[in-house]
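Given chain E, put chains D and B in place with the hints provided.
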Amino acid sequence: MDPLKVGDRRVLERHDFPSLFRALHEKGYQVVGPTVRDGAIVYDRLSGVEELPIGWTDRQGPGKYRLERRQDEALFGYVVGPFSWKKFLYPSHERLWTATRDGTSFVVAPEPVDGPPLAFLGMRACELAGVDVQDRVFMGGPVVDPGYAARRRRILRIAVQCGQAGGSCFCVSMGTGPGVRQGADLIVTEVLEGKRHYFLIEVGSPEGAAVLADVPLKAAAADDPAKAEAIVERAAGAMGRKLDTEGIHDLLLKNLDHPRWEVVARRCLSCTNCTMVCPTCFCSTQEEVPDLAVEKVERWRRWDSCFNLGLTEMHGQAVRKSGLSRYRQWLTHKLASWHDQFGTSGCVGCGRCITWCPVGIDLTEEVAAIRTVTPALATSEGKK
Amino acid sequence: MATDALRSQGHSHGTLGVTAHPYAPRPFVVRARTQETPDTVTLRLAPQLPGDRLSFKGGQFNMVYVFGVGESAISISGDTAHPEELVHTVRAVGKITNALAALTPGAVVGIRGPYGQGWPLDSARGRDVVVVAGGLGLPPLRPTLYEIFRHRESFGRVEVIYGARTPKDLVFAEEARTWLQRSDIRLQITVDAAERDWNGDVGVVTVRIPDARFDPANTTAFVCGPEIMMKFTAQALVQRGVPAEAIWLSMERNMKCALGFCGHCQYGPSFVCRDGPCLPYKTLAPLLAVKEV
Amino acid sequence: MTATVSEAIADRVLRHPFFVDIDPTLVHAMVSKAEERSYDVGEMLVHEGKPAEEFFLVLEGKIALEVGGSDRPGITVETIEKGEILGWSWLVAPYRWRFDARASKPTKVIAINAAAARYALAAHPAFGYHFLMKLLPVIADRLENTRVQLLDIHGH
Chain E
1 MDPLKVGDRR
11 VLERHDFPSL
21 FRALHEKGYQ
31 VVGPTVRDGA
41 IVYDRLSGVE
51 ELPIGWTDRQ
61 GPGKYRLERR
71 QDEALFGYVV
81 GPFSWKKFLY
91 PSHERLWTAT
101 RDGTSFVVAP
111 EPVDGPPLAF
121 LGMRACELAG
131 VDVQDRVFMG
141 GPVVDPGYAA
151 RRRRILRIAV
161 QCGQAGGSCF
171 CVSMGTGPGV
181 RQGADLIVTE
191 VLEGKRHYFL
201 IEVGSPEGAA
211 VLADVPLKAA
221 AADDPAKAEA
231 IVERAAGAMG
241 RKLDTEGIHD
251 LLLKNLDHPR
261 WEVVARRCLS
271 CTNCTMVCPT
281 CFCSTQEEVP
291 DLAVEKVERW
301 RRWDSCFNLG
311 LTEMHGQAVR
321 KSGLSRYRQW
331 LTHKLASWHD
341 QFGTSGCVGC
351 GRCITWCPVG
361 IDLTEEVAAI
371 RTVTPALATS
381 EGKK
Chain D
385 MATDALRSQG
395 HSHGTLGVTA
405 HPYAPRPFVV
415 RARTQETPDT
425 VTLRLAPQLP
435 GDRLSFKGGQ
445 FNMVYVFGVG
455 ESAISISGDT
465 AHPEELVHTV
475 RAVGKITNAL
485 AALTPGAVVG
495 IRGPYGQGWP
505 LDSARGRDVV
515 VVAGGLGLPP
525 LRPTLYEIFR
535 HRESFGRVEV
545 IYGARTPKDL
555 VFAEEARTWL
565 QRSDIRLQIT
575 VDAAERDWNG
585 DVGVVTVRIP
595 DARFDPANTT
605 AFVCGPEIMM
615 KFTAQALVQR
625 GVPAEAIWLS
635 MERNMKCALG
645 FCGHCQYGPS
655 FVCRDGPCLP
665 YKTLAPLLAV
675 KEV
Chain B
678 MTATVSEAIA
688 DRVLRHPFFV
698 DIDPTLVHAM
708 VSKAEERSYD
718 VGEMLVHEGK
728 PAEEFFLVLE
738 GKIALEVGGS
748 DRPGITVETI
758 EKGEILGWSW
768 LVAPYRWRFD
778 ARASKPTKVI
788 AINAAAARYA
798 LAAHPAFGYH
808 FLMKLLPVIA
818 DRLENTRVQL
828 LDIHGH
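Residue numbers (our numbering), protein chains in the order written: chain E, 1 to 384; chain D, 385 to 677; chain B, 678 to 833.
Just chain E, with the same shape it has in the complex (with noise of 0.2 Å):
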């Protein structure tokens, strides 16, 4: 077959889905990806089709997460787990300096950033928009973080375009999926139809196409791609949310004061799971790690979240004291502010906070009963 350029479709059998890891290893790739661990599917390194959530599925609402076994094989029959790929650009820990004592002085040695380049195998339309906010976060301004670049520089991204809608997600109102449009270095669907189990794959760049080269691949049927088409389709018409985004920017920063706040204050236990599970979340603090003698100290950074009261402490106390400060903080933070700092919203629709809330809150909720809610003051203001 002729060399494959980006917009090319092939299909690629099950049964030859290891050669995809062969090549991926071959061109030096460390391939993460989806695994089975802890009753969860999470992202972590893999080295072969067997390691992948074969046959698995997942259940999820608010403040709900079970696995399930399907009734087919599907390598992808699972929607998002806890975590995002946001930990493999953005580490948890990142020591990003060493500092030795010279003299009274001292020097810094900046930690160069190593590893094998890594090949995210299975990133979903709303991952890849995720990823998206965060290189505007990191890379979008006037200063670039080094380390969040390094790295993202070095990955291939391998999507999986959604075949099932989750119980919390709401790509669709969010416009970031189910199906993925750009971003991704190579667009896999996947079929299964009766005995057949197959991967329609789409070119997405020059690096898909040189990781595809040795793969034995077909050409692609005539209706494959509609078949493609068909099975997002059906992902996005059985969405487990929405999510009105009307206005939504100024809905939420008028109204400050809303007794709605009061009302979701009562439940969050201000845990920090949705910072931690979001794939767009940013927040850090920095640590400084002398040794006994502070003769050499570490600088690291680690990821902090607005809910933690320390986050915002100035001369001895916390500036968002309440509960409620700090979920309003981070609300009209993701779906207002992100709009005037980055150009976008903060949410990629991806449900995980829903899930992960161990009470269950769902902001599509908080923002529909701050919207149909409107107290007093809001009315006569209207009035004016």
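Just so you know, nobody snuck in bad clues.
Taking lysine-lysine and the DSSO-like style, the derived pairs with C-alpha atoms no more than 30 Å apart in a straight line are:
(1) B:739 with E:321
(2) B:739 with B:811
(3) E:321 with D:479
(4) B:727 with E:321
(5) B:727 with E:254
(6) B:782 with E:321
(7) E:296 with D:479
(8) B:782 with E:254
(9) B:785 with E:321
(10) D:666 with E:254
(11) B:727 with B:785
(12) B:710 with B:811
(13) B:727 with D:666
(14) B:785 with E:254
(15) E:321 with D:666
(16) E:254 with B:710
(17) E:254 with B:739
Bear in mind the hints are in silico, worked out from the structure with no lab data behind them.
Same frame as chain E, but now just chains D and B:
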């Protein structure tokens, strides 16, 4: 040698370390230390790496680092015309600032910066200028005052109002007395409460605004101090007719990276480290009325 | 807000310590738009910065006045109780609340429309004078109390 080691690690120190790692501090030596008030100290620093200098704009800040302790965001309080000397005025309130306040000449600190949007002095050219400082709000305004003195003919009337809690809490007290002697600006000093040996004004800074001499429609105001003081001062200025977009406040929030990455310093949609700290009251007003923003 | 006010509410206003010695017909003119309201503990009556479209006569309970910047939870600087009046922002431009007010006990108030009240005061100057002379000592007391609080903050 420190310089060679840094160069091999990809540091460039010639031009504010533009190619240096954004999280890595540069060494500065303490040349002099002055006790301003019981809990406030001014440190005069010089860059240690040959060729290093710190050019800044009034209102900007640095992340000041004590080896083994940590970093703190501190406004620059020196003169923009003398970038070879970096001046910081520090109030000792926490672990890092206490360590800074205890340093003596010869000690080395780390500097990252300068960061932030400073006071938009250019927008005040040809206008009356009102500068209102509360307590530790004077250090971040001092570099801009020096620029106003240097280019006095570029501005209309200049009113400076400086207030502190008690006379003991006035920083740059000696220098402020020389400003009182100047005929090209009008300076009013006031305190919240005082004992009998104080024969100056008593009352919050806002009390001085109705009598201050400026043309509201053609005035730019720079306000710095505790948030509640800035809030009431801005309201008093608006009451006199100064447009909200011509009133600038210097906001303060907890900072860790000062680069817009750690999320700590957010105030509404603004990153105080990057969009501020100097921000227009027009943008700030709705947020200032809400608690715990 | 009801267009006409019930006899029951008018009666309660007339018997409120603040209005008890004011000519009833003028009080009726002032409270042409009024209603009784209840607030649970923690409920907000007013928010700083919002238009001050009404003022309140406290019938029962306790209201905490909170002030502060946006960098703290609000500090309660005063509490208002049964028999007292809450609010003078409606009389002073720009007619926006200068504090938050929160019910710290289950509270009942009569909320009186400010625009209607201002009109009544302007239309009947003698009444207006009488009303303001009742309000002035309340504000003066609060100012004096605030000064005492300030001295305490400065450790004198």
